[in-house]
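Participant: The chain contents come next:
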Amino acid sequence: MSEISHSIERDSVIEVTRAVCECLLGDLAEPCSQRRPLDGTDELVASVTITGVWSGDVSVRLSPALATRLAREIFEIDPTSVDEVGVRDVLGEVANMIGGNLKALLPEPSRLSLPRVVRAPRGVGSELTQAFVVGSDDFEVSVKGSSDQPMVRS
Amino acid sequence: MKVLIVDDSRAMRMIVTRTLRQAGYGGAEIREAENGAQALAAIRADKPDLVLCDWNMPEMSGIELLSTLNQQGLKIRFGFVTSEGTDTMRERARQEGALFLIAKPFSAETFGTALTPVLGPPS
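These protein sequence lines map, in sequence, to chains A and B. In terms of this note's numbering, the first sequence is residues 111 to 264. In terms of this note's numbering, the second sequence is residues 8 to 130.
Simulated from the structure, these hints should not be mistaken for lab results. What you are looking at is a predicted structure, and each value in this text was computed from that prediction instead of being measured. Misleading hints may appear alongside valid ones.
What the hints assert, rightly or not - Not everything, but these chain B residues come out facing chain A in the computed CB check (under 8 Å): (1) SER16; (2) ARG17; (3) ALA18; (4) ASN63; (5) PRO65; (6) SER90; (7) GLU91; (8) GLY92; (9) THR95; (10) PRO112; (11) PHE113.
Claimed, not checked - Residues of chain B placed beyond 12 Å of chain A at every Cβ, according to the derived structure: (12) LYS54; (13) GLU71; (14) ASN77.
From the three backbone atoms N, C-alpha and C, an ideal C-beta is built for every residue, glycine too.
The following block holds chain B by itself, in its conformation from the complex (with noise of 0.2 Å):
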């Protein structure tokens, strides 16, 4: 199982990572992008089980990457880890065919919660 994190904070994509596998996902095989434009490029190069993107990046937006991955006709499980989790944004997430929308902070609950009816329960 590959699962792309996007994120412009390295930081951030550690602490993605590490979660995933406190979530019991540790078995996947992770890959990172820096923003929108470098994930696109990955997703097209080697396609992803499941990409969980930041939303406010620079570049490329995460909301922007799911526009552009729709217009493209790439059909990829996608959802967002982001520290802006308002109504409008969950909505528009949503609209644009996100699975789930994760709130900064979290913890592995929240990410077994959101990722068990994506990925299959943890093994």
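Bound conformation, chain A alone (with noise of 0.2 Å):
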């Protein structure tokens, strides 16, 4: 993971996303193929931008119920305290440390921006989208490289 490419490698998206579950979650994520069908909710994305040699998108997507273990688990508290506005702010984190240790494997300079978090239904995958499995639980990462600049490897 230290050598520096232009482009975002899966190998990458994958030893960065288990190292952040980990330290949030205390569980690793194993990657999959595919995830579960959707049971019928928005989903929750929470995304940053990098801006430099490679400019894009990296995006978390999960569902609520994920995101919502996630907000008990780092806020230590029971499941029905857990408000829209603490789920947001986990999602955030948890975009802002995937997307900035990605970018570190970028070329210098460039830029992170602060992490944004909307309601979406599930749509189609990005150039680059892997998925994960935790406990009972699955999600996707997903890196977009912008209309100029399309240099994902997957």
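Relying on the hints, combine the two individually framed chains into one complex.
Facilitator: In structure tokens:
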């Protein structure tokens, strides 16, 4: 993971995401080929933008149930006490940590945006979309280069 | 011992507090700030023994805070806890006088290694 590349590799996404998940949840996320079908609800998507030699977005997409579990674990509170603000805060930090670590693998200089979190239906995967399973939940991390710099290797 | 944790994410402030405890520094008196500007006011009001600061924040970033502290002659033990641990950022942090840069994700061992030379061994 230490080699500087002009693209973001799938192995880097897997390595960084597993480390972040272990830090936040105490569980290792295992990469998987695809996610389970959605139960009809919107998902939460947290994203950061990297701007530099490589520019694009790094996004984390997960179910409200897993988002609530993350917030519950981090804030050490019961599920009924988890509010939307807390969930968005936690997801933003997840995207910030994954995006920041991937940015560190790219040539400098580059900048990382503050995270943003939205609710959205499940969409079509990006150039690089990696699914993970953690416990009984799954989620995905995607990387999408800007239109003029689609330098992502899958 | 007073430690000021500066991060725009409440979740990350809690994680840093928990990791301090796991590293053996649970006796520290924790103060919090959401950005560099808020931290600057907190430091002026009640000088902490150590500032643990995120880099990328709204209002005033971590490096802008450290630079401002230097310009105003406020000598504070200062370390970064950030998701962006590039060589350039580490060098800039060092030049501004930061004692360490801990990259997220981190462990209690990472905290122990960085903090022991600054705060002494954990109790």
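Participant: State the violated hints by number, sorted upward, taking the hints as numbered earlier in the document.
Facilitator: none
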